[in-house]
Amino acid sequence: MAADPFPHADSIPGRLINNLSRVVSAWGGVVVQGLTTLGDISLFTFQMFVWMFTTKPKRETLMPNFYAVGVLSLPVVALTGTFIGMVLAIQSYHQFKSIGMETRLGAVINMSLVRELGPVLAATMLAGRVGSAMAAVLGTMRVTEQIDALVSMGANPIHYLVVPRFLACMLLIPALTVMADFMGIVGGYFYSVIVLGIDHAQYLQKSRDFVGGFDLFSGVFKSVFFGATIAIVSCYRGFNCQPGADGVGRAATAAFVQSFVMILALDIVLNLFLDGVYFAIWPSGAKLF
Amino acid sequence: MDDTIIEQIVAPISKSSSPIVETVALSLKFGRQVVLKDISIQIPKGETVAIIGESGCGKTMLLKTLVGLVTPSAGKVIFDGQDIHTLNDREMTRLRKRFGFVFQNAALFDSMTINQNVGFPLRQHGVPRGRQAERMILDGLAEVGLPSDVALKKPSQLSGGMRKRVGLARALILQPDLLLYDEPTTGLDPIMSDVINELMLRTQKRYPVTSIIVTHDMHSARRVADRIIMLYPYSRLKPGESQILFDGPPDLLDTTQDRRVKQFVRGEAGERLMEMLTSRGHGDLETPNLHDSIAKKVTLEE
Numbered sequence: 001m002a003a004d005p006f007p008h009a010d011s012i013p014g015r016l017i018n019n020l021s022r023v024v025s026a027w028g029g030v031v032v033q034g035l036t037t038l039g040d041i042s043l044f045t046f047q048m049f050v051w052m053f054t055t056k057p058k059r060e061t062l063m064p065n066f067y068a069v070g071v072l073s074l075p076v077v078a079l080t081g082t083f084i085g086m087v088l089a090i091q092s093y094h095q096f097k098s099i100g101m102e103t104r105l106g107a108v109i110n111m112s113l114v115r116e117l118g119p120v121l122a123a124t125m126l127a128g129r130v131g132s133a134m135a136a137v138l139g140t141m142r143v144t145e146q147i148d149a150l151v152s153m154g155a156n157p158i159h160y161l162v163v164p165r166f167l168a169c170m171l172l173i174p175a176l177t178v179m180a181d182f183m184g185i186v187g188g189y190f191y192s193v194i195v196l197g198i199d200h201a202q203y204l205q206k207s208r209d210f211v212g213g214f215d216l217f218s219g220v221f222k223s224v225f226f227g228a229t230i231a232i233v234s235c236y237r238g239f240n241c242q243p244g245a246d247g248v249g250r251a252a253t254a255a256f257v258q259s260f261v262m263i264l265a266l267d268i269v270l271n272l273f274l275d276g277v278y279f280a281i282w283p284s285g286a287k288l289f
Numbered sequence: 001m002d003d004t005i006i007e008q009i010v011a012p013i014s015k016s017s018s019p020i021v022e023t024v025a026l027s028l029k030f031g032r033q034v035v036l037k038d039i040s041i042q043i044p045k046g047e048t049v050a051i052i053g054e055s056g057c058g059k060t061m062l063l064k065t066l067v068g069l070v071t072p073s074a075g076k077v078i079f080d081g082q083d084i085h086t087l088n089d090r091e092m093t094r095l096r097k098r099f100g101f102v103f104q105n106a107a108l109f110d111s112m113t114i115n116q117n118v119g120f121p122l123r124q125h126g127v128p129r130g131r132q133a134e135r136m137i138l139d140g141l142a143e144v145g146l147p148s149d150v151a152l153k154k155p156s157q158l159s160g161g162m163r164k165r166v167g168l169a170r171a172l173i174l175q176p177d178l179l180l181y182d183e184p185t186t187g188l189d190p191i192m193s194d195v196i197n198e199l200m201l202r203t204q205k206r207y208p209v210t211s212i213i214v215t216h217d218m219h220s221a222r223r224v225a226d227r228i229i230m231l232y233p234y235s236r237l238k239p240g241e242s243q244i245l246f247d248g249p250p251d252l253l254d255t256t257q258d259r260r261v262k263q264f265v266r267g268e269a270g271e272r273l274m275e276m277l278t279s280r281g282h283g284d285l286e287t288p289n290l291h292d293s294i295a296k297k298v299t300l301e302e
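So the sequence lines, in the order shown, correspond to chains A and B.
Under this note's numbering, the first sequence has 263 at position 263, and the numbering climbs by one with no breaks.
Under this note's numbering, the second sequence has 121 at position 121, and the numbering climbs by one with no breaks.
No lab work stands behind these hints: they were computed from the structure.
Honestly, I wouldn't trust all of these hints.
Claimed, not checked - If you want a taste of the chain A side facing chain B, the calculated C-beta under 7 Å gives, among others:
1. Glu-145
2. Ser-152
3. Ala-155
Unchecked claim - If you want the ones that stay clear, here's a sample from chain A, every Cβ over 12 Å from chain B, calculated:
4. Arg-15
5. Phe-44
6. Phe-221
7. Val-277
The model shown is predicted, which means the values in this text are computed figures rather than measured ones.
Don't be surprised by glycine CBs; every beta carbon is placed ideally from N, CA and C.
This is chain A alone, in the form it adopts within the complex (with noise of 0.2 Å):
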């Protein structure tokens, strides 16, 4: 049995020195964790560029990965967008009828989908559906050494595996991004106009005043740090996984949490960046009213 790591009396001061203790030993020991988790993603990140940049990969490896990234996502993620855009114009309307500013309604959504949701909401549906997937994928075959094969028949699998995921990921995501803006802006419209009632020629004028190309570059701009965070985090999860059923069903999630989360955190960081190159082209910005 483990000794004690702090035997101190049983007075009040020292059980308190020993509670205080055990609490710093808890959170020091998750800092650690987190320090050494991020320096291996760095490591791993590192190498995949490495690999990426100095050994060109394999058709094989990428034509499977580019039609599960970008072929099959595109149904999910254009039916999601649609959805979005009707759900935001049934948010909206009647705010915006209350002050008579429903034709104003096509900017708002439009504004919303290009920069914000039509990325994001890309992002999430890779995630969720091609993230996970690839850290089962390799989860599975870390756990039943096939990872180990690779390397024994003298392929990298940091070369063979993540690059190609990884140049999927980045390089797909702007068309599926540029999908769920395309048709969330369709089905905004299409419950605007068609079911709501609202101006079709004003709502389209109103949405071409306020809506620029940068919005639109922004939006894709984001989704390619997007694309790669899915990617690294996926397979770094994959590459790590323990043994078992629940090993790999543990890394199937996390990737799914922790590339939400990285989205969401990266997306703040990207906006304040965006915003800062966006007013210092135009510094009196779009108008809304």
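Start from chain A and add chain B according to the hints.
Then chain B, alone, in the frame of chain A:
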């Protein structure tokens, strides 16, 4: 002979004097857990060595360390005169062409068909391509007794024995100098186990390969190996003892005096169950209250 005396018998059967693979004071630790400590083995070219020992004694880790899948905490692994853990990635990749590894559960790639699995080393090392490669894959499958119609199936469509044979075909396709088998007969029926033994023997006869077989299966070890090495878990050794309890030809296993070797070879539990229970605080096996206390614990947990 006293149990504490370590039985070290120099292998009389050596097909060649120069070792193809050698470990020098090899140690492996995971955190504070010592898995291997000061293992020094020399394996001459063309020899077939079986590494036996109970689960958790570090034999699979030793096998993985020999081909660079696991980095040792201390010591060296020398393959054909080169310390493999000092090689860079490119040199190691070149060297891996000379290794063939048969994994415990075959470790076939689920996403690939059987012919893609068997042809993976050919594609990876760029030799040969096209029709010649296809021919080699089909020949490789035929060598292990698999019909050509399995070539387009996925690993999940095959039985355990067939998967093991595909794993063997994949390991053999580049005709490696060193073949490593990790529990090749585990989980197979007796007939299929003997088929695998027979395939290992046929491979040895076909070309001068050096084989290292990690196994629990004493029948298999006696049948295919020229030399047997028994490892013992480091945590259960007496101070100063070597982890290698036996190193010699299979015939000498029957005359060994070491109680632990005899127990393993005969498959006798001896005092092991009592040791296990004692180490978990259940040393009262012989007391009738044990079953009651376990039953109470189960009831409380329910």
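So, going through the hints one by one against the coordinates:
no. : hint    : in the structure
1   : Glu-145 : holds (4 Å)
2   : Ser-152 : holds (4 Å)
3   : Ala-155 : holds (5 Å)
4   : Arg-15  : holds (28 Å)
5   : Phe-44  : holds (16 Å)
6   : Phe-221 : holds (33 Å)
7   : Val-277 : holds (40 Å)
Violated hints are absent here; each numbered hint is respected by the structure.
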